[in-house]
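Novice: Here are the chains, one letter per residue:
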Amino acid sequence: MADARRDSAANPAARNQSGKKAASASSSPLLDLEGITVRFGGLVAVSDLELDVEEGSIVSLIGPNGAGKTTAFNCVSGIYSPTSGSVRFRGKRLERAFTPGTILKALAVGLLTGLLFAAAAVDLDRLWMAVVKRGMITGEPFTASGAMERLRGYFRAELAIDQMAGKWRVVSADGSDVLAIKRDLALARLVRDGLQAKVTAWRTGPGTVPDASDLATTGDAAAASVVLPPVKDEVLDRLAAGKSRIRFRGWAGLFAGMLLGTTGTLAVWQRGRRSPHVVARAGISRTFQNIRLFSNMSVLENVLVGLDRTIPGGVLAMLLRTPANRRGEAEAKRRALAALDFVGLSGNANRIAGQLPYGDQRRLEIARALATGAQLLLLDEPAAGMNPSETGDLAGLIERIRASGVTVLLIEHHMNVVMRVSDRVAVLDHGTKIAEGTPAEVRRDEKVIEAYLGGEA
Amino acid sequence: MSAQFFLQQCLIGLTNGALIALVALGYTMVYGIIGLINFAHGDLIMLGACLALSIVGALGLAAVDPAVTWVAIAGLVLVCGLACGSLNVAVDRIVYKPLRNAPKLAPLVSAIGVSFIFMNIGLFWLGSADRSFPELLPSDNVLPDDWGLQFTQKDRLVVLIVVPLMVALSILVRWTKLGKAMRAVSQDPTAAALVGVDVDRVIAATFFIGGFLGGAASVVYSLYINTIGFQMGFQNGLYAFTAAVLGGIGSIPGAVLGGVVIGLVRALASAYVGERWTGAIVFAILIVILVFRPEGLLGRRVREKV
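If you read the protein sequences in the order shown, they are chains L and C. For the first sequence, the numbering used here gives the first residue as 1, with consecutive numbering after it. For the second sequence, the numbering used here gives the first residue as 1, with consecutive numbering after it.
So here's chain C without its partners, still in its complex pose (with noise of 0.2 Å):
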């Protein structure tokens, strides 16, 4: 066990982790604002998952020039970003919105109902078995090959999508009118809208944004792990709402820390004890870190709430 083969899965990780947290915001976002864990989001993806297939395999991007590949994939992260938060903020205007004073279980059940409906779909359009998602990046390294550590263009894709989007949407929330909207009303919905908020109208740019950033998780992810499920939505989901929870549920760098710890800890755990482990190792982190923080890693100290 080398100091090389830690770093490598390390590097493993890390990467899994960031892909993790993309899926992660989306739940801390929602939740942040209107109180509601939305388990119909990891559902979202599966559906952007499906999508991605479709657009893919009706435009034939699988055999395209490796040059282009680079503009499919943008555009795919694109055209899914834009479905999967239409689609959300569809599921908010005709579920969610008109439970908006109702006691916070309705919405949660009504939630786990979007989330059964969602994989129905799933199960429409892709048939029952898992589909394998055509490799449109290869797999060869592009580190230098005397470090001794893998890094392949697919990771590569991971961090060069989700970096970005994260820090669009830490600009986003921090210094724009909307970001402090929604600052606003993730703290009092009732006195932001009496400033004059449209808090139903911030509440669907949440929506929206979660929703953006998962279509484009379910890209990177059908491009990184090249398998997709109708009920891929359930474990990569409760992953990531476990990573929200952990980096404390209602704050964005507490998703993105909760994401990479989840990721490391699986990649490390599956290395050094065993794939077969690595559930019962995460959630086991997590009730300890949850009995000594019980607000997440980054709860309380970090107060601002989206």
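One chain only, chain L, in its complex shape (with noise of 0.2 Å):
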């Protein structure tokens, strides 16, 4: 939201004022692409391409079909990643920047993975059912430290107690192992901590000193009295071997899970690093070959779905209309019915834009694109399928949106409207540049027929 009101009010009105500036004070261009390569598995459609466009021209990128004009222009606009090269707009290549937060956000993704793959590592159902549920069936009341007591308790592997079929049953941590049944509660309780006992001691051998937390449940005096079941060696190795074996799956678990999060999130933040919106809210701005308005929505509501962000508020003020957002709206409308304005649709504010006839629908796109603010606009053939004297109204169009201080960059084919109005011409010829200069070199150069007519003539 933030940076979305930033650039919005820095846009149409400073728009004009900025690019004069601009223009006279820095040399570097508006928009720079160095070694710009885009392959598609072994085809390369864009070879290591350089492109300079100066702020306040137009630039034509002419060559004959499969060229690879559109590729360059996807690169630009951010739809595709270019496999190598850099696109610089105003010397900033538009990427979302890695900031500590990027590494803060993808630790805490992490966390939550690893803790997650511990938990499935421990044993998630016998986890809970040592913690949560056991205790419901012996019936003690619920607390937060006596729950806390039994994960450790449970970490710890020992003992426990539940219950089946009516009768109290001494199993191990995990509910694996049965080691005695009993009718009542509280001799079973005596037979658990006995047991318990001789674990422990089984683990730590004769004449270790046990370590803390063995020794808090080691049994007391009344434990003495009870005797015990016999319990196997196999089966005692495997009890005093949990503790340990409980613990390194939970690390394990914690560590893989971690590792799995972070690098994942990192790995799929670093492919929609470059996305359209950023680029679009940077300043640059296109319209596309095939026509892609919102055909079922109206022609002014095609224009203000670039606006939108420069309303402030969200979804809770839009459905009570507070006044900033209303004086919002109202503001974003007269910018839009001012775009409309400029391409001479004015009239067909509420028609719907899928009905309009086609010149028509070109030049909305124009509009909506111009009204997002944009400083740089990327026209991909935008004269196709006019007749002469659209085309020239077109051409007179590019003329009115540079004079507005628009810097425009033109895909085309019809080599009037390309002539006429380009300052510079550069021509691609199945990926590579293979000729750059003003509308009448280009004209000239050996190359450049060769490409059109075809080399072996």
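If you're looking for bench data, these hints aren't it; they were derived computationally from the structure. This structure is a prediction, so every number in the text was calculated from the model and none was measured. Please note: incorrect hints may appear among the correct ones.
Stated by the list, open to error - For lysine to any residue, the following SDA-like pairs were computed, each having C-alpha atoms within a straight-line distance of at most 20 Å:
id	chain 1	residue 1	chain 2	residue 2
1	L	K333	C	W175
2	L	K133	C	N120
3	C	K104	L	K333
4	L	K182	L	G135
5	L	K333	C	L172
6	C	K97	L	G135
7	L	K133	C	L53
8	L	K167	L	R183
9	L	K133	C	G57
10	L	K133	C	S128
11	L	K333	C	I171
12	C	K97	L	S81
What the hints assert, rightly or not - Only part of the chain C face toward chain L is listed, based on derived beta-carbon distances under 8 Å:
id	residue
13	D65
14	P66
15	K177
16	L178
17	A184
18	T190
19	A191
20	G274
21	I285
Stated by the list, open to error - Reference excerpt, derived from the structure (chain C facing chain L, CB under 7 Å, subset only):
id	residue
22	V95
23	P98
24	A102
25	T176
26	K180
27	Q187
28	D188
29	A193
30	V195
31	D198
Every residue, glycine too, gets a C-beta built ideally from N, C-alpha and C.
The two chains are supplied separately, each in an independent frame; assemble them into the complex guided by the hints.
Specialist: This is the structure in structure tokens:
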């Protein structure tokens, strides 16, 4: 929200002014493509493309079909990430910045994944049974400290008591070994304590000093009077090893989960680093070769979609229609109508976009792109399918767009449009730039003529 | 078979249909915006019902004074709605978002996976047997006796919760900038992103709204049917999904219409043909309608999708 407001404030009002300033003061280009290469599998769509677009100019990209022009556009507008090379706009790469927050977020996700993995590794069902359900069965009132104690007990692999068919059973912490069955709960507790002492002694071995956690559970005097059931040596071995086994599983799960979660989050983040809306908000907007309007929405709504981020307030403000929200909407509507007026569609604001004639749809797409407050407009074959008179109007529109302070990068096949409006022309063939210069220079270039007419001729 | 009996069945059908429609909205909104059939939606509602049951149990809401019951129900709807909405957003972030540019089958299979995960959580939470949900509302008639129709407090609850939610949803989609962004993204996410719409945020908002409606539906369902179980999501989800397809998936009014149609067909079929045959009849009618209108009842005429 915050950055949306910031660039909206900076945008169209300030556009002309900042445009002039930058053009006179700095020598760095508005858009700078450096060594852009795009591969799709084995196919090289664009190869090592270098292109500078000076602020306030109109630059055309021409070339035969399949030369990689639209692919280059898609790289600039963030739909594709180039395989290598960089796109700079006003010297910035227009990527989401790698901040400490990114790492923190990845670590937080990693921790969460780690805890889930650990829970799975120590057997969540049995943990739940040990900490919550067994307490309910034995009728102890549920307290946080009691649950905490049982949780620790589970990780010490202490023997526990549960109930089955009306009798009390002394079981291993995970419930997989049943050591004794008693009718009386108090007796079962004494047996448990006695067996626990035996297991602890078995683990620590003769002559060793039990550690603090073991001392806490060593049986008391009453336990000495109880007759303990016999336990086989291999069962004792298993029970004694339970403590280190459960701790190892917990830590291993936590570690593996953290590693997977953190690296996975970073990988996904890296993939979505350059996203079209970030590019659009920075001031680059475009139209498409095959018109992509929101054809079921009205003409006005189409333009408003790009302006909505300038309206303050969240969902609640929208539903309550707060004064700031209404002012924002009125202002957005005014700007949208101005954009429609600029391209000559002012009378059609309430028509459904899909019902406009073809030429008007093209102009609506341009209005929608301009209204976002773009400083660089990418036009992908705007004259496609137009008749000569419409083409002439379009060339006039492009010149007026430049006059309003917006830089234009153009893909076009109609040479009369290209030659009339362009300051510079770059020619692509098979993904490689074969010529660049003023329209007059390019027209005389041998390689260009060859590319258009065929090499063998 | 009097006219009164017929009217009574219609009333039952409408109430059931409203409930189905509320669930169907969750399917249709997500489908409309990212073209994903969110198979986990039914099970999300099952988890909402689990949460509602736990809250009612923990706070002892079953024994509360009747005057406070309505406040309690409103609170339940809000809490379960927020919980299910947040869970839905979390699932989108973790599972569906990384697959946004993958072939359509990848998120679909993932949705089936999420559905199983939810079902396992529900099994863990509720146990394998069906659980009865406390009767917070009595089943007494709210219509005058001489009309000869039954419309209980529970039926009224369904209408009182479902209708305002649907009105609020239509206002949101039609008149707010979020709604406008949702419609734009549903038509062309790339073009929307290129005019500066944060597509991921709009998708998250859609998941939240769908999940919120699902959470509300889970509370209404629990109070209305009074039996919940870990498998309830599958069958109810299937009927709601059918309603969404019948109405034209992706279309909001279509989901409501589809829900009402399926509710009516179910009620009338079980009254006049037999309880056992309702499933067969509902799906037979679905097939017939789809043969003549493959895009669903409102699939093309109202092309506004979300």
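Novice: For a C-alpha distance cap of 20 Å, please report whether K182(L) and G135(L) respect it.
Specialist: Holds. K182(L) to G135(L) sits at ~17 Å (cutoff 20 Å).
Novice: Measuring from the C-beta of V95(C) to each C-beta in chain L, is the shortest one below 7 Å?
Specialist: Nearest chain L Cβ about 11 Å off; hint violated.
Novice: Would the stated hint for A191(C) survive a check requiring a Cβ distance to chain L of less than 8 Å?
Specialist: holds, 4 Å
Novice: If you draw a straight line from the CA of K333(L) to the CA of L172(C), is it 20 Å or shorter?
Specialist: holds, 18 Å
Novice: Can we keep the K180(C) interface hint, with Cβ of chain L closer than 7 Å?
Specialist: Cβ of K180(C) sits 6 Å from chain L, so the hint holds.
Novice: Does the alpha-carbon distance linking K167(L) and R183(L) stay inside the 20 Å limit?
Specialist: Holds, at about 5 Å.
Novice: Hey, K133(L) versus N120(C), does the alpha-carbon distance stay inside 20 Å?
Specialist: Holds - the C-alpha atoms of N120(C) and K133(L) are around 18 Å apart, at most 20 Å.
Novice: Is the hint on P98(C) kept, meaning its closest Cβ partner in chain L is under 7 Å away?
Specialist: holds, 5 Å
Novice: Are the Cα positions of K97(C) and G135(L) separated by 20 Å at most?
Specialist: Not satisfied, since the Cα-Cα distance of roughly 41 Å exceeds 20 Å.
Novice: For a C-alpha distance cap of 20 Å, please report whether K133(L) and G57(C) respect it.
Specialist: holds, 16 Å
Novice: Go through the hint on A184(C) and say holds or violated, using the shortest Cβ distance to chain L against 8 Å.
Specialist: holds, 4 Å
Novice: Hint V195(C) vs chain L: min CB-CB distance below 7 Å?
Specialist: For V195(C), the interface hint holds, since the closest Cβ of chain L sits about 3 Å away, which is under 7 Å.
Figure legend: structure checked against the earlier numbered hints; hints not met, in rising order: 3, 6, 13, 14, 20, 21, 22, 24.
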